[in-house]
Structures are given as C-alpha cells and as structure tokens.
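A.B. asks: Just so you know, the protein sequences line up as chains A and B, in that order.
Numbering-wise, this note's numbering puts 130 at position 118 of the first sequence, and it's gapless, one number per residue.
Numbering-wise, this note's numbering puts 281 at position 278 of the second sequence, and it's gapless, one number per residue.
Some clues are possibly wrong.
Footprint (simulated), chain B over chain A, 3 or more residues, beta carbon under 8 Å [claimed, not checked]: (1) 65-75; (2) 134-147; (3) 226-240; (4) 247-256.
Interface residues of chain B toward chain A, partial, derived using beta-carbon atoms under 10 Å [what the hints assert, rightly or not]: (5) Met4; (6) Asp5; (7) Pro6; (8) Ala16; (9) Ile22; (10) Val112; (11) Glu116; (12) Ser120; (13) Leu130; (14) Gly143; (15) Ile156; (16) Arg190; (17) Leu220; (18) Gln258; (19) Ser264; (20) Gln267.
One side of the interface only, derived from the structure: several residues of chain A facing chain B at Cβ under 10 Å [claimed, not checked]: (21) Gln214; (22) Asp244; (23) Tyr263; (24) Ser296; (25) Ala297; (26) Gly302; (27) Asp364.
The hints are simulated quantities; they were obtained by calculation from the structure and are not laboratory data.
Keep in mind the model is a prediction, meaning the values are calculated, not measured.
Backbone N, C-alpha and C fix where the C-beta goes; we use that ideal spot for every residue, glycine too.
Listed below are the residues making up each chain.
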Amino acid sequence: MGKNSNRPSRRNFIKYIGAAGAVGLAGCVGEDPGDDGDDDSDGVVIGSNHPLSGDLGGTGTRMDNAVQLAAMIKNEDGGIESMDGAEIDVISGDNQGAQELGGEIADELVDDGADVLTGCFSSPVTNAAARAAESSSVPMVISVSVDDAILQENDLNYVYRPQPPAAQMAIDHADLMPAAVRDAGHDIETAAIYYIDIDFGQSVRDRLQEELPEQDIEVVETVSVDFGETVDTQVTQIQSADPDVVIAISYEAETVELVRAMDNQDYAPPFLTGCSNEALNDRSALESMGDTVEGALATNFALDPTNDRAAEVRERFEEEFDQSFDANVAMTYASTEVIIAAIEEAGSADPDDINDALNDIEVSDHIAAMPPISFDETGENENALAPLFQVQDLEDRVVAPEEFAESEIDL
Amino acid sequence: MDPSTALQYVAFAILLGGIYGLVALGLTMIFGVMDVINFAHGALMVVGMYIVWWGTNELGLSLFLTIPIAVIALFVLGVGIHLSTIAPIIDSSQENQLIVTFGVLLIIVSAIEIVFSADPQRLEFGLGSVQFAGVYLPLGQLYALIIAVLAVIIAWAFLQYTQLGRAIRGTADNRDAAQYVGINVPRIDYLTFGFGAALAGLAGAVIPLFQSIDPHLGDAYLINAFVIVVLGGLGSFPGALIGGMIIGFVHVFGQVFLPGSGYQIAIFLIFILVLLLKPSGLLGGDVHE
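One chain only, chain A, in its complex shape (with noise of 0.2 Å):
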C-alpha cells in the first residue's frame, strides 16, 4: 500500500506510539476508587488496597476478598467485643498494580474513612501506599508485599509487615530446600534462578544470590521473564547450565509458561523448586502444570495445616466467593487477622490507639503456618517464617519445618 500525500502522518504516528508508551508504562489506565463514598458508621473501617483490575488483577482481587472475609466472619462471631459488637467496614480501592495509584488509593481509602490500611501485593504499590499511610499517620498493615526496602530503607513508624519479606523468603529457602534434598539422601551443588523481572523477582533473586553460596550451592544460570511472555529461550539457556535444582520467583502465569515450555523441550531438571512462587502454592495452578510439577519443593508463606481453623477458612472462602484460596490469600487473612486483633486490643477505632496496640502486639490465634506474630522497631514480623511445600498429588503439603508438617518429605 502507498502513502496518502497529503498528511503528515508518519510522525503522528511515531508522536503517538510514544505517548502510547508512556501512558502504558505508567500503567495509567483508569482508576477505581474506594466504592463506599464517605464513612459515617459508628464501626471501625479498614481500607484495603489491592489490584482489583491490570496483570495482578486476578490475585488482588481474591485478596480483597480475603479482607472482606475476615471481617465478615468477625462481624457473624459478634463484631469487636471491646467496642460493644461495633460491626468492621471494608471499603475497598483498586490500584491496577501501578505504582502511582498505591498512595493515591491510599488516601483516597483515608478521605473515605479507613481507620487502618491493608495492601498492596505489587511491592512498588506497597511502597507509595506506606509512605502515604505514613504521612496520613493511619496505620497500615502490609497483605503481601516482599520486597525488604518498603521497611528497611524507610523510617516508618505506622506501616507494619507479618510476612516474610525478601531476605526471610531467601533466608528461609536456602535453608530449608537444600537441608531437605539432602537429608533425603541426594547432592544438590548448582542452581539456575528464573525471575520475573520486577522489584518482586528482582529482590529475591539477589537475595538468594548471597545465602546460596552459604549452603554450597553455585548459582550457574540467572534468567528473567516479563509479563506475557513465552520462555522458551530462557529454558534452553537453563538446561545449557545443567543445574541441580532450578528456582523459579515468578507469578502464576509466569511458572505455567516455565513448566509448559520444560515440557516442550522435554527438560526436566532433577529439582524444581519455588521462592516466593504462588503457583506452586494454588491446587488448580497445580493442576493445570499437571505431572512436571509432582514433587516441586517451595518457600512461601501458608496456611498453617495443623490449624482445624485455617481449614474451616478455606473452606468457606472457596465456598463464597468459589475462587481458589493460595498462598496470597492466606497471608492477607492472616493479616487482616492482626488487624482485627489490634482493633480489638486498642477498643477504639482511633488509628493511633491502633497503632499504639499494633507495636506492642502478638498475635498467636492466625492462620498462617508461623510462630506469633509480633513487630520489631521497624514493623517486620520478629517471628515470619515461610514453610517448605512439596506438591505431593498435586496438593501443596507442607514438609518443613517439622512444627507446621503435615506430610513427610518424598523425593
């Protein structure tokens, strides 16, 4: 086809795709705010800041519900007992997974009436969120979120974090994983990690980085993945490396593409494992993967086995919202479990009586398989721990540590 002669249209088109980028990588594509409108209940509000629509959609959207959940159980069982039964309110904001929404949802959620804050999942999004509910001084409990720096580089005195974050995760697999292997009798010397290549992935890839080496591990391949990408080329670059073990920190899309195109090249690496990966961690993800990921070994944060009550909650989840209950979903209760327990120990909807009750408290009743929960001066969980899965039947079991097992190791 020819050119039309008489418009300038190259360069609009070239000005366009440029401003076409640009509003794509700010992720700007339209915004959702809290769905409530201004609060004038006589309850305590918590605001929950989650991907509700963009790639994390699908996640943040079962986390949001988890929030809703929590406190729908908690309003059945009576409400806050040392608020005489005042009823919990969630308003909920979508933050698309952009970075700049994080704060921006934030405050919207605290213009709205939230007495606390939960978020965020993206660790960038995190990261706006905190600094805003900092600045807002309403205190704000981490859902999922991993990166170290949102705490550990920053000074914030109203932003607190239950899971594990990035050096725990890394901490936790490098210790556990090899521990494990060879226990069972077989030799683990090299591993090739697979990211995806966002603060997430990034964070923990560095991490592991450093501790592998301290258990005699060499990291002989390091490849990344973007959203919406196929790995075709990164696994041929893995089975080049020939490693012991192949550590995947990826989202669920991004592990089912690993394991498609394992399955594609017919490479099959002695062990896979999974930091910080919610598909090894989610039955129908397990499905779909299907016999490749039998016996895949992970770090994550869980649901704790051994507690009849998590059972319950999943069950109920499941059957509420007929989404699946992963790794995310749990942490995320289990946080808005603290949030409520703090709500309950300050008997005020004030955020900085729920602060106050949030530095000093613990949390042994949750659901999560880990020790209480409790802060240190930063606002990291002094007890996180994230577990050792093994998909056994395509369920993820939990193998290690032997407190919170409900099923032997099978190599």
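Please build the complex by placing chain B on the supplied structure of chain A, with the hints as guidance.
C.D. replies: Chain B in isolation, oriented as in the chain A frame:
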C-alpha cells in the same frame, strides 16, 4: 554456545518473529489505508484469544474451528466499532481517533475482566512439540508461524489481485482521488477496519495455542507491533513479516546475551535507528510530507 543451542535459539526467533509479524499485520493495514492509529488492536487480539479459549474449553469445540470463528467474529466486531465510533470522526484530527480507539481498548479489556476475571486462563491441553535435527519446535508456535505466513500471502494476493483489494490500495494511496474515480471510500474504510480487526483476531486466536492468556496480554504484544510496523514500513504486509522476524531475533538473542529485560532496550534502539536512517521503514514507500 554450542551449535545445537544456537540453532535452537534461531528456531525460537523465527517462531516468535512469525507471531510478531502476524500481530503487526492488522495494525499496518488499518494505518496504511485509513491513517487511523488503532490502539484497540491489542484488545481486539484479546477478544480473539478468549473466543478460542472459551470455545475450546467451555463449549468443547475443535481448536481449529474456533480460530475461523474468532476471525469472523472480529471482522463483525471491527465493522461495528468502525461504524459506531471511527466513521463519525473519520475526518477529524488523529488525536480524536486515537482517543476513541484508546477508549474502545478500555471498554473491551474491562468487559473481558468483568466476564472472565483477570485470572490467567489456558487451554486444558498442550499441543506439545516436535524435534527436528536436534531442535525442539513447539507445535503451538509452529502452527502460528504457518498461519502468519499464509495470512501474509492471502492478504497480499487479496490486495493485489481483487477489485476490492485494488480499491483499498487506491484509497490508501490517495483518499480524495479514490473518491473522484468512484470508489466508495466510507465502505472501503469499514471493510478495512473489519479486515484489520479480523487479522487482530487471527493473531489473538493463535496465542492460546502456546501461551496462557489474560485480559492485558494484548498490551505485551502491541508495543512491539508498533515498532514492527515502523520497521517494516507503514502499510507493508511483507514488511510486517520481515520486521516481525527482525524483532523476533533481537528479542531471543537479546534475552540470551543481555541482562534482565535488556532486549527491550535493543528493540527500541533499532526503532530509533530506523527513524534516523530510513524513516520509511524497510519496505515502505517514499515519504511525502
């Protein structure tokens, strides 16, 4: 790097390049004829993806039946979008058209999110791969490459040898002159938009063969498709395929030799170089401003 590994990378680059070329076809057609920068192209691809996924997984239709269904459905959708949104503003500034197609993108993606959720979806079966001369060829990508090459040949032959194709080319050359010689330009416009959307649908339809899908997957392909359209030459079908191949090679070998997502930097450096050295693209005509 041993020769067999290098050969494997070359195979992946060709397969990926074919998919990129297919994605760029509809984009280059709509821009070449109508001067409309269709930001909804990625969203139209996503509709094609979900038709194939839903038809196959939920309705139990044959995979190779759902692909033509997606193409036809997207043609109809494209004509509908054109008549309802583009046609009324076809003579206004490109900014207006751009905003409208961006709006269409948001509506389509949001609608898909509402209906199917943002969770990644995948076909319940894998197509597997074949091994040839020590090289693995994933069948999903291989089928996509064959479909891409066939689509280029058919689209090119259609434009060269049919009366409608000649009318489309005439309109692309000069809309005013086309009108003077009796071509029904508004009809050509909606048919072109429909064909472009159908090509987007075809590109989207083959993606579930080898990849998980989600409502935002179109974005991942769209930005590189824009680069390919400029690299191959605006409006050139063979240019789209060649541009796709080049970007496929840069993508794969960039992944091998550059850290992290450095391949994207390489792709955009090529984009800048083309603009500086040959702004008409590899197979584009002369630029008349």
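A.B. asks: Please check whether Gln214/A passes as an interface residue: C-beta within 10 Å of a C-beta belonging to chain B.
C.D. replies: 8 Å, holds
A.B. asks: Could you check if Tyr263/A really has its C-beta closer than 10 Å to a C-beta on chain B?
C.D. replies: With Cβ-Cβ at 9 Å, under 10 Å, it holds.
A.B. asks: Would the hint on Gly143/B stand, with a C-beta cut-off of 10 Å toward chain A?
C.D. replies: Since the shortest Cβ distance to chain A is 8 Å, the answer is holds.
A.B. asks: Quick one, is the Leu130/B hint okay against chain A at 10 Å, beta carbons?
C.D. replies: Leu130/B check passes; min Cβ-Cβ to chain A is 9 Å, inside 10 Å.
A.B. asks: Report holds or violated for the interface hint on Leu220/B, using the least CB-CB distance to chain A and a cut-off of 10 Å.
C.D. replies: Constraint on Leu220/B satisfied, holds at 5 Å.
A.B. asks: Any CB of chain A closer than 10 Å to the CB of Pro6/B?
C.D. replies: For Pro6/B, the interface hint is violated, since the closest Cβ of chain A sits about 12 Å away, which is over 10 Å.
A.B. asks: Cut-off 8 Å, C-beta pairs, minimum 3 residues; does the coverage of the stretch 134-147 of chain A by chain B stand?
C.D. replies: n = 0 at 8 Å, threshold three: violated.
A.B. asks: Taking the least C-beta to C-beta distance, is Ser264/B closer than 10 Å to chain A?
C.D. replies: 5 Å, holds
A.B. asks: A closest beta-carbon separation below 10 Å is what the hint needs, so does Ser120/B meet it against chain A?
C.D. replies: 6 Å, holds
A.B. asks: Once the shortest beta carbon distance from Ile22/B to chain A is found, is it less than 10 Å?
C.D. replies: 9 Å, holds
A.B. asks: If you look at each residue in the stretch 65-75 of chain A, do at least three have a Cβ nearer than 8 Å to any Cβ of chain B?
C.D. replies: Holds: 9 residues of the stretch 65-75 of chain A have a Cβ under 8 Å from chain B.
A.B. asks: Holds or violated: is the Cβ of Gly302/A closer than 10 Å to a Cβ in chain B?
C.D. replies: 9 Å, holds
Checked against the numbered hints given earlier, the structure breaks hints 2, 7, 15, 16 and 27 and satisfies all the rest.
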